Structure formats: structure tokens, C-alpha cells
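Trainee: If you want the building blocks of each chain, they are given just below.
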Amino acid sequence: MLRLWNAIACVLLSAAVPALSASSQSFENSAIVRTVDLGGSLVHVTTTFAVKALEADASVYTITLPEDEIFNTSWLEVKVKGKQQPLTVTYSGAPAGSNSHNLDVSLETPLEVGGTINLVLETVQTHATWPWPQQAGQNDDQSLKYQTSLFVLSPYKTNVQRTKLKSSSPRILSYTTPEKVDDFTLESPVTKSGATVTYGPYNNVPSSTNKAFIEKYQQHIVLHYVYEYPVIEVLDLKRTAEISHWGANLNIQDDIVLHNAGPKLKGHFSRLEHQTQSFYNRGGSHLIPRLTVHLPAGIRNAYYYDLNGNVSTSHLRVAPSVRNQKNTQHSVMELQPRYPIMGGWNYSYTLGWDAPLGDSASYDAKTGKYIVSVPVMTEIPGSVVDRAEIQIILPEGATDVDYVAPFPSLSNELSTHVTYLDTLGRPSITFKYKNLTNKHTKPIYVSYRVPLSVHLRKPMAVATVLLSLFTFAMVARRVDLTIHKTKTVSKKM
Amino acid sequence: MPTAYPLPTNVSPATVANTASLLRIVAFGLISAAAIASRLFAVINFESIIHEFDPWFNYRATRVLAAKGFYEFWNWFDPTAWYPLGRVVGGTIYPGLMATSGVIYNFLHYFNLPVDIRNICVLLAPGFSALTAWATYMFTAELKDPSAGLLAAAFIGIVPGYISRSVAGSYDNEAIAIFLLMFTFYCWIKALKLGSAFFGTLAAVFYFYMVAAWGGYAFITNMIPVHALVLLLMGRFSGRLYVAYSSWFRFVGFQPVRTSEHMGALGVFGLLQIVAFASLVRSHVSSKQFQNLLAISVVTMGVLGAGAFVVMTYKGWIAPWTGRFYSLWDTGYAKKYIPIIASVSEHQPTAWPSFFMDLQMLIFLFPAGVVMCFRDLRDEHVFVIIYAVVASYFAGVMVRLMLTLTPVVCVSAAVAFSTLLDTYIDPTEPEATTTEAPTAAPTTTTTTATATPDSKKIKKAVAAAQAGNSASSIASSTFNDIVSATTRKGKSSKSKGIWGADARLAVLLNAIGMLAFFVFHCTWVTSNAYSSPSVVLASTNSDGSQHIIDDYREAYYWLRQNTPQDAVVMSWWDYGYQIAGMADRPTLVDNNTWNNTHIATVGKAMSSPEEIAYPILRKHDVDYVLIIFGGLLGYSGDDINKFLWMVRIAQGVWPDEIQEPNYFTPTGEYRVDDRASDAMKNSLMYKMSYYRFAELYGNQNAVDRVRNQAIPKVGPTLDYLDEAFTSENWIVRIYQVRKEDPLGRDLKSANAFEQGKKKKRSKPVSKRRVIVN
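The listed protein sequences correspond, in order, to chains R and W. Note that the UniProt record's numbering gives residue 449 to position 449 of the first sequence, counting from 1, and the numbers run on in steps of one. Note that the UniProt record's numbering gives residue 298 to position 298 of the second sequence, counting from 1, and the numbers run on in steps of one.
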């Protein structure tokens, strides 16, 4: 249960106590269309609910997600179609016996009777696919399986619903043909066209969150498809962001443990095969030969090393930093691991860089506070970050530390970090996350105050140490510890 | 008195002293900077990385020390080395180096300077080279004067003979040992000069440090007694010698006496006691009686001592000499009896060119300096002479001992060079020999003409200028000299010295030119020969940019990340420390070659056919076998080139099973192509090296670029091992040892069966094709 709460708490901005539960008669779904973008580590699911209100002042719409999907979902957002601002979502408990969970969406303006609205539920599922077969040779293709439930559950009656599963390649090896769906459709329950498999349309689905419906109709569908990109999983990400006012510098360092979560390499790695493959440019799809990441513009001193030292096979193209503008440019870093990462292999490395502090910090003269934004993570395309720890180290002596996180963390703590030329140590905040995706690359805002006296602390400390050294040298030179004064004063120096 | 160039007259001696002192400090600062900077080529060209082989162990040990503390380090038993024997690390190493880095690490961290332990290890050697320069300065200043000291410091700061062992990243015992060596010698000389127990004790303390830091401490253990003995034989026994030696030896103690290396020190200590006693007796009894007494006691003592030494060695109370020690006296010894010592390149006798490469002009200044030491033969000069003789011999025997020769070469070359400079910079003009006054007394002029080297020249010159007549201030040319000489007629005769600025300039410019060439040479040698980490190789791209060949780290990192933590890796011992340090996996043998049999076992496995090697591998729980193969890239330091040493070492233990001649062709050639001998072709090493190598070339001829031989099209097959990983340039190849066949067949027949099945499966396909056609 704790795991469930963790899962829900991570997904929702506010896991508040259940709000007023809306009755199942307040809405009707004219249509539900679920589109699943099949990927490797990440599966993007977009569900559009065309909603029609049956009661006046209907303001809370309930979305139901099966429990296994809740565990997989690491990011969730509900919007009104065509609008930017996401709606507030709260958890409202599990319907009895359904093994699913309700999320209440508060509409901005209550609907009148007959009023319609299009809600878009966007979720990102992680670890939802698994390689099948579990082992693949160096030249073999990589194929994955994805499982989901046939029906989108809803406490409301649904006129028509369909589920589209989109693969990136048309090579879909197999898919489940659902049974017992004659009540809802007269045509073929599933159709495949190109890279898309469509379940439905299923008409006149009744309120489906009850036990009776689920036991009778709900079933799992499994899709087996060829996936042509590596399945990248970051097992651990430790990001350290150190803010230095003296250096006007924001240093960000990522310690990353990478894992190829695709099918395990069958047999052994043969360099000969690998070189032949790359020579004829028909590389196996499941190996990771290199990674391309987008770093901020205007960075300096980028470094890429692992436990054995510098990795020389990388390229960085730095974009100039443009201040006070919406910066759309990125520095592009091409990382080539020491060896191609085959299925099941691991690789750990450290990537770090210095960025001008001015690009991500500002000073609020009204409150006298500095505000610094530190992105939670840098996206490695198509990857999921299993565990992430983000530590933000503030300047020495920073007070009134406050932060705004873009989404709730598993835990966060304040600690003291001591480094070069520190006398007191620097306050630092550590955030812990799990299952981060490309939707989570948002900044954490940290605000703090640094008094002038604290700014001067460092030069004073250095000056004091040097002064005491010189004083000591001066005194030591003039102290004569000789007991007997011998007459022969050596002329040697 | 005339001078060759004008000197300021109105400067107080205090100002001169202070300026000289400041100049010395500045010069010394620059020397230190040069010493450190010239060792950073490796860091700038590559990165801050630990070099070669042994430093990887030291680095690993230091990390343990830094992480777990000294106590834990001292009791460290490393189960991953010498699998399955393990290794007691704490007791079998020289901890001085690690302790030094550990202290620096803790010191910096205490002051909130969280420097990475790797950077401390990498930069320790350059840092200590600056200290060595200082110690050499002090040492040479005792010999001659501070100017010679500065020269010596500059020499040792940049001389390649020392840089070769102390570039950044060369984290080995020698990095700190040379400083300790020079500083101990300095303390010893100082103790001897002053008769100071304090410096004697200080010498002992640094000697201790040296014992803890480097195996070469035996050099000090014997140098100081030999010096004392020679002084004794020269009749220079004095209270100072007695005090200095006794206070040094008292702290060295009797505890390590049971090794042969320490016998000399003990013997001299005994002798000193006797001589001291004798001189006490002499002051009390008549000389006739004394001589008889002395003769009898010396003979009896000698006979007794030698007898005791022989008996004790024979009985095993004194540890016998080690093999490495024997090879110091007989250069052929190791090759005959201990191939493992001979297989190390740094234990080979030194080739002549390397003297010039490592020391350049110093090598011909060196004898001059030694001869200068004879000029005023003080006790410390005797020391330098002995040191020079002994170290020259050792440097000729073993390449690595070039290192102990280097300091004395720098010192004596500095003495020679500084004498040269002193003579030619000294502004004092000899009194001109005039034809008008040939009868003048010679005694007065000789004293003024000789350039006395042992006092500060500036001071002297100032004093001379003040004392001399006013004409000296304008006497800057030969013409003027002659004029002034003629005006002060009747004073000079044939005198020695240098007249005029042009003679001086000619020599000085020459000397400065030599120094400049020396600097160029040192820089060139350092950057080209001694600054390669050898873990990382560099080549040049077609556009001139540097391309890093990083196969070692690639393979080690693969091992580290993708094999079980307890997977045992077998490789030739050269790579043991690197595997432990970078791959963090247990190894069978490593560079601490303490167990010859274990190494021979690995050698046997490598040089035997698969069927014989397999049981050996399985018995030792070997999971992976790692070899180095340079054939694709032309990297000559690979295992096929080291293979003969494996065969020889294995042959030493199993002469019936492994025989070196079998690995040569009937005509006595070492070949790897189709003419290779059967033993060669069937050996595990050959098979692993060339497994699927020919396939890489497709239809073209596969050529091994190291040995320039064509490899047969049909390469070797492996039944008991699987290729697990091959690095980008094929330099490192890793094979996994197969487990026994689950059906109990031997792996060869199991493999044949498997392949037979494959053939059957492929047959219908070809038939069908025939039908289609």
C-alpha cells in the first residue's frame, strides 16, 4: 500500500483527501479515444474524453485508472483540449472491488446540462514494456511486448471508445484479439493498419468501474512489436548543482549509471561482428553506440569521465548564451561510451559543466533574495531515470532558503556541504525522485538571501590564514633557540 | 686592484647579502616551478591519470588508506590478488608513499580542501621533485657554495634521468625516495661536519622514512658505513665522525640486522667502537704496546667477524641475499636462474645511449666534478667520490638504478660547472705580466690571481672594489687593464688568470649555450619519451589532431561494469595491478611477483594447448582470460612478444612439459604465420590472439603488423573458451572460460557435436537452392 501511495503521490501534484465524489450520473462520455505511443522505456498515453454533462453544475469529472497502470505511470496531466493550463487532479479513493483508482478532475467552470468539454489525459508510463524474446543476438532485431487493458474504465456511460496502439515501425509481430466484445461491436474487434493497431470502436459501454463489468469484459491485451531504438534506463542519477557567487558560476554534475534494458545479449560480444555491422551501417537496433544530450547554452569546461578517468570520445558544440531572452538554443553533447552498450550491459559515467550563473539566476531587489533555477534533469532521449537525487548547494552562509519544486519529490532534506575555502559550510537541499521521464525536465527554483558580510567571509578567511603564516614565519626567523652562543658563525646561508 | 668590468662601490655588505638571499629565493622558486611544470607534460597531453603498472597498485592502496584509515590499511589482506592465495598487503609493501599521500589528503581535507585522492597521487611526484631540488641545493651548498647548489638544484629539477621516474602520474616509490635519499645524505654530511647528534638523528629519521618508502634504502644503509669506513682508513677518525655515525646507527637499530644488507652497517659500527676505544687506550698506554695490541686485536676481530658472518648466513640466521641483489653483481645471473627478474625491462643492463639521453652534458661534466672533489678533499667530498663510484657501477648494471646515479651526477656536474662560472665571472683581473718588470716577486700575484671558489663572489668583488684603488672602477677593457697595470709597474710577473672580457665572454657564452641545449634536450626527452601514461596511447589523426587509443581502459571498464564482482581474471602478471585498479576484479598474478610458481602456472596455461590449459583454468576458478594483442594496430608491447618469457618461466617449473625450443620453427625463427611450430599454433595464447583475426580482413591477406607476418586464412578455433569482449582496436581481448558440459562430455566433442548439428540444419537450405536454380 505504501508503494501505491508513493506512486500516486509522485504522479499528482496534490494527493489530498478525497473530494466530493461525483455521482456516476453527472456525465456521459460521448467518446473516449486512447492513443498509446509505444516506445522502449517510455510509453506515452493520450486519452481524450469527449464529455457531456447530464446535470447542472457538474464540476468534478472522475477518471479511473487500473492499479497496475498507476504503478507504471510516472507523469500525468489533464488539460482541456486546446488549452495550456492543466487542471487540478486529486485522488479520490478506489471503487470497491474494481482494483482501480479514481482521480477527480476539477473543471475550471462547471458545465451546464448538455454542455460538452474535451478533456485530454496525458500520461507517461515507465517500465511498461519488456523485451521478448529476453535474449537477442548481436545481429538480431529487438522486439518488445506491451500490455494494457482493453477498456478505458470510466464511472460514466460511454457511447464509443477505441484504443489505438502506435508502434514506431510497422513490424508488429502479434497482438491479442479480444474476446467477448460482441456486446459492443459488430465488426472486427481489432484492426491493424500499418504501424497502428486499433481496438474498437466499442459502442455503448456502460459504467465500467464496477466489479461486474470488470470481471465480465475487462481483459489484458498484449502487443508484440519490433522496436528499432535502444531501451535506455538510467538506474541512478545523482545531480549536484553548486552555486558559486564568487565565480559567478553554476556547476552541474551528473553521475549516471546507465543500463541497456533491451533484450540481453545472447552469447558474447564479437567486435568483428560489431565492426562489420558499423561498416555496412546496419547496426543492431538494441545497442547504444552513443548518446546525444542537450546541455544549456553558453556552458564552459564540460567534462565527461568515468571511474577510470577521462573518456576522450565525445564532442561538444557549445551554443552561445543569450541572456534575458527565451533561449531556444542548446549546446549539443555527443557522448560515446567506452564500449557500445549491448543489451543488459551497464555503463556509468560522470558528466559535468560550468554555466554562467547569470543565465539561471536573478536577484529580486524587492525582497533581497536570489532566485536560481536548476533543472531536475537533462534528458537522455527515450530514457527513464529510475532513481534520481538532486542536490543543490547554495553559497556559503545563505539564509532564508526556500524552494519551489515543479512536482513533489519522494523526500527532501537540508544538509551542510563543506568544500574549498569554506569555514562554515554551505547549505544544500537534496531532492529524491524516482521514474523521471522527459516530462520531468523542469527547473527547481531555489531562493535565498546572502548578506554582504557572508560574501566577504571567504577573502577574509584566506587573508587571515596567509597573514598568520607570514607572522609565524616572521617570528620564527627572529627567535633564537640556541642555548650556547658559539663564536664561529657559519657563513653558509 | 683591476677588475674586468665595473662594480658598484657604494653598496653596503648587508644590502649585498640581502639581495643575494632574495635572488636565491627567487631562483629557487623558479627552479621549483620548472621542476614541477616539466613533469606536467603527461597531464596536459593526456589527463590526470596514474601511469604504467606499479603505480596502479600504489594508487589502489592509497585509496584504501584514505578511505579506511591507517590501521585498517596496515591490516589489509587483499583476497582479490593472487587468487586463491590472497596477499597480505600491509606487511609486504613499503607504506611510505601511501602514508605520505594519506597524510597530505587528510591535511587538505582538514582544511576544507577536498582534493581528489587521485590528483594527490598524480601530483605527488612533481611536488616531491621540487623538494628534491631543495635537498640537492642544500647538499651541494655544503660541498661548495650556494651558487653551485642552485645549479645542482636546477639540474636535478629537469634532468631526464630523474624525470623518467617522477612525471605526474608516475606514482611510485621512487617519487619520494630520491628526495629522502638526498635529504638523508645532506643530514649525514651536516652531522659529520658539525659532529652534531641532532643532524645524525635527523638523518636516521629520514633514513627510516626511506626504509618505509623504497627498497633502495639498502643503498643508504651501505653508503654511510662505507663512507665512515673510508674516512677511518684515511685516518680521519674524529669525535665528529663517531658522534654522527653512532647517532645515526643508534636509531637504525639492531632490529633489521638479520639481513645481509645490514651487515656492513653493523660491522662499521663495531669497528668505530673499537677505534674509539683504541684511541682512548692510545692516550693511556705507550705507543709500542699499543701497536702490538692493535695488531693482535684487529686480526682476531677480523677473523671472528668474518667467521661469525659465514656461520650465521649458513645457519640461516641472517637472511640470504635476494636474487635481485645477486643480479647486481652478475648481470647474467638473473637470466640463468630467475627469468622473472630478467623479464622486466628495467632490470636489464643499461645501454650506453641511455646515459646520454638521461643526463646529456652532465655525463661529461660529472667526472670533472668528481675530480674537483679531490682538490680540497674534505669529508663530504670523500662521500661524493664514493657515491659517484658506487652509483656509476650500479647504473651500468641495471637501467632502473640510473636513478640513484642521477643525483650525484647533478651534484658533481654542478660543482664543475659552477667552478667554471666562478672562474670566468670573477671580475678580478690578474696583475698583468709586463716585460718591463720580469723580476717582481711571484708570491704576491698568485694569491690574487687564483679564483677562490668557496666564498661568494659578489661579496668578495665588492670587498675587492672597496679595498682596491679607484682605477678598478673604470678598468673594463683589456686596454685599460694594461694601462692601469703599466701605471702600477713592478708588481707582477707570470701569473695565472683570465684577462679581459672577450676571453670571459667566449667561455661564458659557450657555457650558457650548453645550458640552453641542456634545457632543450631535457624538455624534448621529457615530452617525447617519459610522458606517456602507457595506459593510454596517442596517435595522430590525418588532420594532425591527437587521437587517443584507449583500449585498455575500455576493456577494463567493461570488466568492471558487466561481469560479476567476484569473476576471476587471468592475465599475464604485467596487467595484474591494472586489472585490480581499473577493473576491480580478482587476478591470479600481478606485478608483485612474489610467487614464481603461481606465475609459472599462468605461463603454463598460456603456452599449453587448450585441453591441458582448461583443467588449470578450472582449478583456479578462472572466469575470464585477458590478453593483449597488438597485431591489428602494430602495438609491439603485446603478449605474443612477451610469450617467450611465459614459456621460459613455465619451463623453469615444468621442464618436462614446456620446452622453449618447441615454440620456434625448425630453423630457429619465432613465427606466427603458417610456418609457426605446432606447439606455438596450439598454445592458448596463440589461439586467443588470432581467434577470428583473419576474418577481419575479408578476402585480403591478414597481416600481423607487429611481426609483419601473414596470418593463415583459416584461423584457430576455440573449444574451451568463448570470446567475451574485444576492444576497439583489438588490443585487449577477453575470453570467458566455459563451464563443464552439462552432459559430461568434454567440451571439444560437445562443440563438434554442436557444429555437426548446425551443418545438418544448413544442408536442406542449400539443397533447396539447388532445386530453385
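Note that these hints are calculated values from the structure, not bench results. The reader is advised that the hints may include incorrect statements.
With the Cβ distance kept under 10 Å, some of the chain W side facing chain R (calculated, not the full set) [as the list claims (entries may be wrong)]:
(1) 117
(2) 386
(3) 621
(4) 692
(5) 723
The structure displayed is predicted, hence computed values, not measured ones. Think of the CB as a built atom: it goes at the ideal place given N, C-alpha and C, for glycine as much as any other residue.
Trainee: Taking the closest Cβ pair, is residue 723 of chain W under 10 Å from chain R?
Mentor: holds, 6 Å
Trainee: Any CB of chain R closer than 10 Å to the CB of residue 621 of chain W?
Mentor: Not OK, violated: residue 621 of chain W not within 10 Å of chain R, min 19 Å.
Trainee: For the hint on residue 117 of chain W, does the least C-beta distance to chain R fall short of 10 Å?
Mentor: Violated. Min distance 13 Å.
Trainee: Residue 692 of chain W was flagged as interface toward chain R. Is the shortest Cβ-Cβ separation under 10 Å?
Mentor: holds, 5 Å
Trainee: Tell me if residue 386 of chain W is really an interface residue toward chain R, meaning its C-beta lies closer than 10 Å to one of theirs.
Mentor: violated, 23 Å
In this structure, the hints that do not hold are numbers 1, 2 and 3, in rising order.
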